[in-house]
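Participant: Can you make the complete structure from the sequences, with help from the hints?
Protein chains in written order, with our numbering: chain A, 1 to 385; chain B, 1 to 297; chain C, 1 to 180; chain D, 1 to 108.
Just so you know, the hints here were simulated from the structure itself, not pulled from any lab data.
Stretches of chain B that chain A covers, calculated by requiring three or more beta carbons in the stretch to come under 8 Å of a beta carbon on chain A:
no., stretch
1, 45-58
2, 63-73
3, 94-105
4, 275-284
Residues of chain C placed beyond 12 Å of chain A at every Cβ, according to the derived structure:
no., residue
5, Asn66
6, His86
7, Lys91
8, Gly92
9, Gln93
10, Thr99
11, Glu105
12, Arg109
13, Glu146
14, Lys151
The beta-carbon is built from N, C-alpha and C at its ideal position, and this holds for glycine as well.
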Amino acid sequence: MKTDPLGVLTGEHYLDGDYACGEGAMAAGCRFVAGYPITPSTEVVERISQRFPMIGGTFIQMEDELASMAAIVGASWTGVKSMTVTSGPGFSLMMENIGLAAMMETPCVVVNVQRGGPSTGLPTMVGQADMMQARWGSHGDYEIIALCPESPQEAFDLMTDAFNLAEEYRTPVLFMMDECVGHMTEKVVIPDPDKIDIVPRKLTRAKPEEYKPYLVNGNMIPEFARAGDGYKFHTTGLTHDEKGYPVMSEECQAVLVKRLVDKIRLNADEIAKYKEDGVDGADVVLVTYGITARVARMGIDLARKKGVKVGVIRLQIVWPFPEKRIRELAGKIKAFVVPEINYGQIVLEVERCAAGKVPAILVSHMGGGVHNPEDIRDAILEAAK
Amino acid sequence: MSKVIERTIDATEHPISPYIRMDRMPHIWCPTCGIGTVVKCYATALDESGIDINKVSIVSGIGCTGRTAGYMNLDGFHTTHGRAVPFATGLKLGRPELLVTVFSGDGDLVGIGGNHFIHAARRNIDLLVILINNFIYGMTGGQNAPTTPITAKTSTMPFGNFERPFNIPHLAASCGASYVARYTSLHVRRMTKAFKEALSRKGFRFIEIVTPCSTLYARLNKLGTGLNLINYYEKSSEIRNGVDTRDIDISFQDKIICGKFIDEERPTFLDMMHDHYKRTLGDRYVPMSNEGGMIRE
Amino acid sequence: MVLSGHIIGHACAINAGMHATMIQSFGPEARGSACSTTLVVSDTEVLYPYIQRPDIFVVMSSEGYNQYRDELKDDGILIYEKDLVHPKLKKGQASYGITSTRIAESLGRKIVQNIVMLGFFGSVTKIAPREALREAVLSSVPAGTEELNLKAFDAGCEYFDKEFGDAAKGKSGKKVKAGT
Amino acid sequence: MKFWRKPLDLDQVEIPRGEVHIIADRCKGCEFCVEYCPKDVLEMSTEFNAKGYHSPIVVKPNECVNCGLCEMICPEFAIFCIQLENRRLVDQEIESFEPETTPRMVAL
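Facilitator: Following this line, the structure appears as structure tokens:
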């Protein structure tokens, strides 16, 4: 369906990534945000708190990130599209209830504007070092969906994808921005509301007495009932059966956890979103995301001038990882090069998919700034040898 | 002159059954545990207050009391440890017409969840919070709680507790809760009346129910059976409505001051928000509808 | 400074159809300390958002000048607050000074000196058409202050016209660093 | 219904009546109902229920005044009362009526 026009600020704007992300959420139909201030993400909720009273949304600044995350999970059970926003330290605190959201199959969006870590790290400076935490941060087996914008425009655009995927797969979706994109101001074009397709909350049509909150038919996604509609359903963070009742058994654990993982893992190709450039016939393929994807393009241009056949895959959705595509390429190229603002995270995933056929070369930048394009060029030249 | 028999029920089923997921009975609570009594009184209060049950949600955290949300036949959310209050806050703000009750144990509510508790009370979020206080962490095996009275033994204070416990009604009152009461699980009628009254009020309503834990608290402290604990409540509880909450600390096996301490109407978070935005933004303010912020197809 | 960068970027990106990427940097205290804004303006997509060696350096305090003066390219342009900054230029560097603080004071509000500087900056660099910048000022300043800010902008432009006139060559400057 | 003296119109007094139902297998033997029944209608059984607890049994069915306290206090949802038609005291009861001199002062 088309989105609610009330949330859409159609026009050309000069916005930073944080503001664009906030606008993206509102355009995607988000009407409940709970947050706790943390640099460099705060501008997202500042934007939202400015505009929400005029578009029927409710913002509450909670007492901490634990509460913010719990609140958006609670709110989502009323059918409202809900979101919270944070950075590394707060993201760590949210892990508990991100797990709850995954277990209860609650659609919601968590924005992490990444800064340098560990711990308090570099509050005002860029990092991309939460990528594995995004994948594995909460305990237990589950799969997650995580997006990575490379510009304020994409911070706006991909927000719709984030909310839509959360609804389609009934899962928390992580929006892994970085400080550089968050604090970078550029032109952002916000389209007309009738150009923005959103996935609304799909409510069950079952009769209350027949409804089972975790019953699935084929597609692995159970039907949703919201609080207050007379379904008197139960949901829990405990391992549960299709009625939502706790069942402490191996069988129940196997059925539930497999489904939680498989609903995303088996749909990875469907979910995957990446942009390719010059990959066919390339000797070296870069795998990039976020701000690093932009800087890497300069390195690629420099390497191409030296005659190297180099392609790039830019991940707009990092999790689930486009495993199939990377495996395909592994048989055809000489090496992968993975520049990232950390000491090696996504490169491990590339390496896993390359499965020893070709090397995956990390171009690390420790954070606080972005790569030097020459470093990326040099890594490409080295890889092409 | 005979009264009409109002209740026409199946003599084989308990009248509470519409409110309980009978397919999950028996519950996991130990013999003499008071949680079941509190649940019964809450169900009775719902029944007698004539509230639309479809609009009632129950949220609980982790621990023995945390299981309450799973046993009541309402929209029920069994969440994470300590986070029932913020979860319930989201539920209430996401669909303001809901009537949201939080059932929480003492460790859950004011131990791990203490920060959420004080802030929800401060904001006067429209929640009914029922605390079941048994002075101990029950489900994990009798560890020290933020409510354990001084000298009482717990599995992590084997020589007796020396930490000062919370006086939780006072904590709630000083943070601005609009309704504050305390009873023991023996006070079935007063408790039910308090639940009914609190269901009809708005804002952050807090009711503490002191309940027996014979499996751990009584055993570790050689206090006998659950029945002995209930007898202690009978002997040592004193109803003092309106008393200053500063004076109602609970010492080990000492007096338990019960009653209704606070009952004041104050604007809730949502009232304040609506009024403020109406005043500052005028016609530009678009409030979330009472039915919630869900965007319909 | 941040607002000035925002306005220039806005003018270039929205009103003049270029690519303009602005980055603001500040210390952990977020606001209130020395801060700087960098802006990259380009005909093509901006891939690298930070600036090592700016083509143009706008500076409004001597502290900012001392901190960043070495970053200006050897053939770069310095635009400075004439009363507060006393530049020592390298050979090949051009400079344009304006008494922006005094001009702002004469308009009644010292706070608009950044907009005075902005008008002057636009005139020096011709980075975007004067009208585009003027529109950007209008859409970026707080409601109720439009008139004052436009006056300040115009004052900056007039100062340039008076002092430098057509003599100044608009360099096709691309990278701007502004600091206080 | 408690009286501290013998009412003069005792033959006119309507006594509410209840019928206690016990779901014995649900009981965990806490004894709260037996302890706090104001009319001592219940006693603990010597038999075991399916879970191995002694559950209450009704020993004075006619004494139940349908106050519902057993139902309220039972943590197991294992006991409840059904209201029956009120009754009047029979002559024998009126003759042998003894007011309660030491009522249990529990305000529950």
